[in-house]
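Peer 1: For chain A, the structure is supplied; the task is to place chain B on it using the hints.
Residue numbers (this note's numbering), protein chains in the order written: chain A, 1 to 225; chain B, 1 to 225.
It cannot be assumed that every hint is accurate.
Remember, identical chains collapse to one label, so a pair may be satisfied in a single copy or spanning two.
What the hints assert, rightly or not - With a straight-line cut-off of 30 Å between C-alpha atoms, the simulated DSBU-like cross-links for lysine-lysine are: (1) 107 <-> 150; (2) 107 <-> 185; (3) 203 <-> 107; (4) 14 <-> 83; (5) 73 <-> 212; (6) 14 <-> 150.
The set of hints was computed from the structure by calculation and includes no laboratory data.
These numbers were taken from a predicted model, which means no experiment stands behind them.
Number of protein chains: 2
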Amino acid sequence: MIRSRELNATLGPKGSPGAVELVCDLHNTTANMGLCLIAYSDCDWICLHIFRHLQRKMPDIPMRYIHFDVPHKESYSLDSVGKHGFAMEIGPQPHGVVRSNVYAAMKAGVQHMLDWVCFFNSGSTFEGEYVDVFTMIKHIDYPRDRETRKIRAAIHPQLQDQDFCLLHPEDPLFQTFSGETLRYKGDEALYPFFINECAYYEKGIALSLARKRPDQTCQNVKNSA
Amino acid sequence: MIRSRELNATLGPKGSPGAVELVCDLHNTTANMGLCLIAYSDCDWICLHIFRHLQRKMPDIPMRYIHFDVPHKESYSLDSVGKHGFAMEIGPQPHGVVRSNVYAAMKAGVQHMLDWVCFFNSGSTFEGEYVDVFTMIKHIDYPRDRETRKIRAAIHPQLQDQDFCLLHPEDPLFQTFSGETLRYKGDEALYPFFINECAYYEKGIALSLARKRPDQTCQNVKNSA
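Chain A with its partners taken away, still in its complex shape (with noise of 0.2 Å):
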């Protein structure tokens, strides 16, 4: 709590004049996501233009722009205090290991996007371009024992790893620890992901879907100031 107070007199206060231009928020996760942008914004266009130019940079890397669609006075990650801000997540790294291969992708993802606020900074014009936009519905926690809350599942092996893969009413969600399986009961298909992140085990998150909605415009834009 102290610490947060901190963060937000220096890089803001949240929602003043005074907040920084852009916060981004390093992030790994157990889950198979890749590297996404979380953001709490689907049409910011300074986090959208960012996330086609690392796009664009980093084609052999998997790449997802993640909408949790929360009201901004909600939003309680640290990239939420500047004026634009978004978190740069990326997996799968157990947490306490460095992997190189995901040390590697993380430092280039942020050199690019360092890049391109100087491209901006400098005056280039950046095109309008198309971008798919993960839109958060829902989070699903683990069956637990009604009692000690204790999870009494696990990921299905079928939907482990398996981030952003669709999955469909009835197919494979938890496995039990006697064994059986159990299905997804909802009536649209989605898409995962944050599937088994070590850290929401306590905030009761299996994993999330998401509804995926292409095409989100990121207009032109050049900078006048």
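Peer 2: Okay, now just chain B, sitting in the frame of chain A:
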């Protein structure tokens, strides 16, 4: 320390006639090691026969027998408290995460071990067989900053996840955070394992190296008690 003494009192005392017959200590690792039995002896016929039994019963799981060649007095892990004992190590699995396939393999391994003990106690005869034994030769630490002791390289991408694939002199070993490749300077090809295990950063172990000795015999055995 208190817990160690409690366990030694309950299952040991280590080295005494009152120690339990068999201790199996269950572990998981971020290294891509499949299922390994790790023992302080390369000629404990109970451990070797249990290993062969698991190999036969679980043909789809990569399985190795690792020998830590240290005197019994210096052995430090739980399984050294029993008259016979080994660790069952499985990976890759991030710490703090349950992966269904890893859970299922460990569960099956434990069940097959208990089955073997039942067969043995019922008077079954087990014929002599051959086992490949990987004897641990040495550990290799990460390159570190001389003053801060922080690591300045990670496991090389070409070595990551290649546990038990022979490492030859001059093969890539580490990649520094500035991108330089550091090579294996040993003069003997050895088998790497525990590559990039999360809990071993603080122990100063980036990987361990083993020599493979094929055809260790486990003799015919029958419980004549």
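Peer 1: Among the hints numbered above, which are violated by the structure, and what are their numbers in rising order?
Peer 2: Hint check: 6 fails alone, others pass.
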